[in-house]
Structures are given as C-alpha cells and as structure tokens.
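Q: The chain contents come next:
Number of protein chains: 2
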Amino acid sequence: MIIGQKLRELREGKGLLLRQVAAELEVDTAYISKMERGEKNIKKEYIILLAKLYDCDENELVAIWLADKIFDVVKDESMALNAIGIAQKHLKKLI
Amino acid sequence: MIIGQKLRELREGKGLLLRQVAAELEVDTAYISKMERGEKNIKKEYIILLAKLYDCDENELVAIWLADKIFDVVKDESMALNAIGIAQKHLKKLI
DNA sequence: TATATATTTGACTGATTTTGGCAAGTCAAT
DNA sequence: ATTGACTTGCCAAAATCAGTCAAATATATA
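Line by line, the protein sequences give chains A and B. For the first sequence, the numbering used here assigns the number 1 to the initial residue and increments by one for each residue that follows. For the second sequence, the numbering used here assigns the number 101 to the initial residue and increments by one for each residue that follows.
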C-alpha cells in the first residue's frame with residue numbers, strides 16, 4: 001500500500017532498474033515489480049537488504065513496512081481504530 | 101493473547117462447557133480449547149457467534165480480537181510502536 | 001479410592017496461501 | 001521495427017492453517 005510506493009520512490013531516486021534490484025536480492029524481476037505495486041508482501045529480510053541498497057534508514061523503512069502490515073490486518077474493519085488503540089495500550093504496558 | 105482470556109472468562113461467566121460451545125459453533129471441543137488458549141487463531145465468524153452466545157457486545161469483542169491480531173503482527177518488532185503510530189495516522193486520514 | 005467428566009496435548013490431514021519463477025505481454029523511446 | 005523496462009497471468013513447490021481424533025491429564029465427586 002505505502003511501502004511499495006516508498007520502495008519505488010527510493011529505487012527511482014537511485015536510478016536503479018528493477019532488473020538491478022532483482023539481481024541484488026537474487027529474485028526475479030517480476031517479483032520486485034509486484035512488491036512495489038503491493039501485489040505481493042515483502043519479507044523483512046528483503047526490507048533490510050533494500051534499506052542498505054537504497055542508503056535509507058533501516059528502522060524507518062521497517063516501520064513503514066510494519067505499518068503496512070498492520071493496515072492490511074485492519075483495513076476492512078469498522079473497529080480498526082479502536083483495535084489499534086487497544087494494541088497500542090497493551091504494547092506500551094509491556095515496555 | 102488477550103482475546104482467548106476474554107473468551108474463557110465469558111464462557112465461564114455463563115457456566116458453559118467447552119463441549120457446549122463447540123456444539124454451538126459446530127467444531128471440535130479441542131478447537132475451542134485451543135482458541136481460548138491462543139493456540140489457534142480465530143475466524144471473525146466465530147467471534148460474532150461467540151458474542152451472541154455470551155450476550156456480549158459484538159463490537160467490543162471484535163475490537164479485542166482485532167487488537168490481538170495487530171499485536172501478533174508487531175510483537176517481536178522493535179519498531180512496533182512507531183509502526184502503530186503510522187498505521188493510525190494513515191487510517192485517520194482515510195476517514 | 002475409584003470413577004466420571006472436563007480439558008489439554010500432540011499428531012495428523014486436506015485445504016488454502018504464499019513464494020517466486022517463467023513466458024508472454026504492453027508500452028515508450030528510439 | 002527493435003530494444004529495453006516494466007507488467008501480467010499462470011504455475012509448481014513449499015509453507016501454513018483449520019479442524020479432527022485419540023490419548024493424556026486434570027478435576028470433581030461418590
């Protein structure tokens with residue numbers, strides 16, 4: 001949703017081709033295309049590699065990636081915001 | 101994590117046996133046990149049925165269930181709270 | 001104690017999902 | 001027309017999941 005756009009921006013910012021990124025991650029070109037368009041979800045491992053490749057702060061990219069996964073879980077739920085609030089509270093208590 | 105406890109409390113509050121709940125949902129008894137102990141995740145469909153069965157507010161139960169799913173996604177991530185913040189902002193913008 | 005009933009555990013299976021590749025396709029710029 | 005970049009659809013292998021069954025435990029009660 002959002003991570004895909006971000007990855008595409010980063011790649012284009014670096015002037016890299018799908019093919020080149022694919023070679024770096026050792027996957028098929030089509031796969032990168034699908035990641036960037038949100039058609040496949042992305043393994044954390046790849047996010048780490050991409051952060052390095054794009055000289056981008058790893059934590060920032062991981063956060064966006066993770067936010068995307070959260071969004072995916074709640075997107076069709078009317079109780080989404082309530083649930084996020086609960087999870088947040090729960091998590092804060094844990095720290 | 102949390103939804104399981106909640107469901108167990110509700111069931112015990114109603115004085116129902118696993119077997120009886122299982123019959124209601126038309127699944128195996130062991131399955132209910134596992135749901136309550138967080139060993140299996142729970143389909144939304146079941147949450148709805150259980151809310152009815154336990155005379156509990158459906159939205160409230162769904163929110164807890166959803167919070168649990170969010171928690172599951174982020175629980176081992178150091179960027180968990182950041183990600184939740186991003187997802188929250190993103191979601192609010194959408195409404 | 002013995003027995004009955006409630007719950008948990010673990011192994012198992014069929015169904016579904018996911019991963020990622022491949023080949024053919026589109027689209028733009030030569 | 002050809003080339004190069006990206007997309008699309010289809011597919012096989014692998015992983016995950018839902019739910020069951022039978023055996024094991026726990027708990028209560030006679």
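Hint data in this document are derived by calculation from the structure and do not stem from the laboratory. Do not rely on the hints blindly, as some may be mistaken.
To be verified - Partial pick of chain A residues on the chain B-facing surface, computed with a CB cut under 10 Å:
#1 44
#2 70
#3 79
#4 83
#5 85
#6 88
#7 94
Glycine included, every Cβ here is placed at the ideal spot set by N, Cα and C.
Q: Mind listing which of the numbered hints don't hold for this structure, in increasing order?
A: Structure breaks no hint.
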